[in-house]
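Colleague: Now for the letters of each chain:
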Amino acid sequence: MLSRTQILRYLRLRYLGWAALGLAFAASVLTLYLDSRVRSEFEGRRFALPARIYARPLELHVGLRIPQPDVEQELRDLGYPDVAREGEAGWFARSGNELEIALRAFVFWDGPQPAKRLRVAFEGGAVTALRDAGGAELPLVRLEPLPIGGIYPANNEDRVLVRLAEVPQQFVQALIATEDRQFYSHKGFDPRALARAALSLASDKVQGGSTITQQLVKNFFLTPERTLQRKLTELMMAVLLELHYDKSEILETYLNEIYFGQDRDRAIHGVGLAAQFYFGKEVQHLTLAEAALLVGMVKGPAYYDPYRHPQRALERRNLVLRETREHGSITLEQYAAARAAELGVTRKPAMGTSPYPAFLRLVHRQMRRDYDEADLRSEGLRIFTTLDPRVQRAAESALIRRLAQFDKERRFGEPGLEGAVVVTDPQSGEVQALVGGRDVRYRGYNRAIDAARPVGSLLKPAIYLTALSEPSRYTLLTPIDDGPFVWKSRGAPDWEPSNYDKKFHGAVPLRVALAQSYNVATARLGTELGVERVLANVRRLGVERELQPFASALLGATDLSPLEVAQMYQTIASGGWRAPLRSIREVTTQEGRPLQRYPLAVEQAFAPEPMYLLTAAMQDVVREGTAQGLKNFLPPELAVAGKTGTTDEQRDAWFAGFTGDRLGVVWIGYDDNRAARLSGAAAALPVWGEMMAALAPEPLALAKPDRIELVWIDPQTGLRGSMSCAGALELPFVQGSAPEERATCSGALDAAVEAVDATVERAKSWLERLFGK
Amino acid sequence: MKYVIIVSSVLAGCATVPGLEPDLPPVQPPETAPASRSENIAIAGLMENARADAAAGRLANAAAALERALRIEPRNPRLWQELARVRLKQGQYAQAESVAARSNSWAGSDNALRAENWRLIAEARTARGDAEGARAALDTAERIGR
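The listed protein sequences derive, respectively, from chains A and B. Residues 14 to 786 (the numbering used here) are what the first sequence spells out, left to right. Residues -13 to 132 (the numbering used here) are what the second sequence spells out, left to right.
What the hints contain is simulated information worked out from the structure, not anything from laboratory work. You may find that some hints are simply not true.
[Unchecked claim] Example chain B residues on the side facing chain A (calculated, C-beta under 10 Å, incomplete):
1. 49
2. 50
3. 52
4. 87
Backbone N, C-alpha and C fix where the C-beta goes; we use that ideal spot for every residue, glycine too.
Extracted from the complex, chain A is given alone in its bound form:
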């Protein structure tokens, strides 16, 4: 018979057994769970790679009009230092008016371009020679396009994936010497290191208790809280990870995972991106000193930030070098040279997720039409856009400077004036610059795209275009009545437009009514033509928004965004050829496989003749009308065409205009719709003028359609005159629409002069035929 104590012992043993069994069971369940997590997540783990967005590549060729400093700026923005680094790519050197450039290799949409050396000579603000290292002439060279941001995963993690083989051996040595000396021999954790860490928690030893494997597990699977339970889970997962994967797989993943600090709101992950961000180079070109600096940052990227704490970062780097010398295999010479090296980080300004958030918004919007949002944020797509950083800079600085000046002059108080700018290539419809507000790095409200404001007189060209499409009724000289006018229509209050100067001007030639932006004459003309007809032409010009069919819409009681205005004016600037505004050229996969092109597309929306006449009238706006002030910025020979716009109580100030190579739209006003008390000519035009002046625009020269003839007009009588009439104007007319009757000032002498003119014309066309043009 069992004694009481025996029974008790038996029961205890039994319970203990059950408990042990239960524990073992729980442990194996936990292990199995962790194991499956480790395997599924590690195996299925693909780093979420942001879509990477590039500016247009700068294409160098002889004859390209670009000042040398602008090319240097582009290279600096690319992270090219201006010192020769023989044997490496990615630098430039200046000698007088010549640049030597060591271009990095780059995979373009249409294939890879290898690294190459070139020499570029400049003179008078243009490229005069372009040669390779051997002195052979190069027809055309694309520089790498500037990265201008990305579409990031939710946590704004950014990285550039690298293979282990691409990472310099010295980097790996330094990392292992500093972070985990037993890496190649341990099984996921290092008991000795753990013990050491436990014993000397307070001391500032280089090595922490965590192995590289543990650090990876921690970053990958776990939250950053510091509990014993979490530490144990980490340990088990590290062991499991080591069971399933070999050291090189673990190391490669670690190298792509590690966090290297913050670029504003963008998190720099992985050694590939860190090499680019801190040193402007590919990881394989990292020197020992640079590698040591990065390895040193692993412990605390903010604490050892080489920009904010250069001394601390330098000391840490040298410590890493010492460890590497002790435990790695670098020579004493290599060690000494690396210790003596400067920090060497690039002087690149912080970019954050993008320096051009407003333009990126436009790109993102276009991409979302064709791609899944999740793919955009994880597949590492490469998006090649149309942004021209030179133009963007000019637009930003003109807007910022002018707004600051207006604020100061007028003391309007807070919040200050706002503005937006859009610049496009009128022929192709490519958007070259987009500014969404005076705080150009701000990612919020984008006035260029999202703010629809009354456009005022900017709609007037559509009215004049409608009129000029009927040459038998309207020419540039047709008198338009600018006398008092009331428009009555059923279901709407009477409409009685007034002029800006509150006066009436009687009968004025059509071109003058536009040049002076007379509201009454324009309203009369528009209602004569029919509101519906005019609005139909506004749509044909490219405005897709539904417009209210009221007569007041003619004078700009219509809300459009600056981008929509740019679309409308693009069609005018290209002579009637509508091209949808585009911000993207090509999209490729991460590896460079082409996915999609957004090709140039044009469509003839209007006959060339009325467009030619309208453009001539818009050149008059600048030469003698409301936009005369432009002469303070640009020489009259550029023959800019444009239109000012000002709304009621001067809430909105606009200017839209074009040169031979660029179209720009500027809006200025208050977000809360307060009266700005600034006209289009006083506020928007100076921004436009200052911006364009910085870009040395090409003159606007129109291709004269066959059916257009130029006729001398006597301005006094509006009759056919000649050059000898006082103030004679040569105006374009659709053939047969010019006045027949001759002014008295055009006498016999003039008839002779005209005959000579005609002879010269014939000779010119004979020469053209002879030389094929």
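For chain A, the structure is supplied; the task is to place chain B on it using the hints.
Modeller: Only chain B this time, still in chain A's reference frame:
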């Protein structure tokens, strides 16, 4: 830059009032400038690439090369014409016709070029099933070509 402006204004001054001005591919760089010849090298190189790509069936690449060239010389009617040819091969008949017409808008008095554009337009119209339109385009080509 200044040079270009001065020259163009002088040219303009001879013929017409500045601003309402000249016939054709305007504002050629002055002939003495080192630019003009080599600028053609860039264009010629891209044109060559485009033709090679098109011949090899890489039509998107051919179009991209021509678009690059057009960014440098947007008023060159030969580039627009070549692009029209590529659009035709790509089966984008509406664009082929538009782009050929765009070439015509810069072609000035180059009748051979214009006639060729009308032939391309005729081809595009035929492909879209517009036989009548195609015939009209061919007639125009015939008339100009003579």
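Colleague: Each hint needs a verdict: does it hold in this structure or not?
Modeller: Comparing the hints with the structure gives:
1. 49: holds, 6 Å
2. 50: holds, 6 Å
3. 52: holds, 9 Å
4. 87: Result: holds, 6 Å to nearest chain A Cβ.
Comparing the model with each earlier hint shows no violations; every hint is respected.
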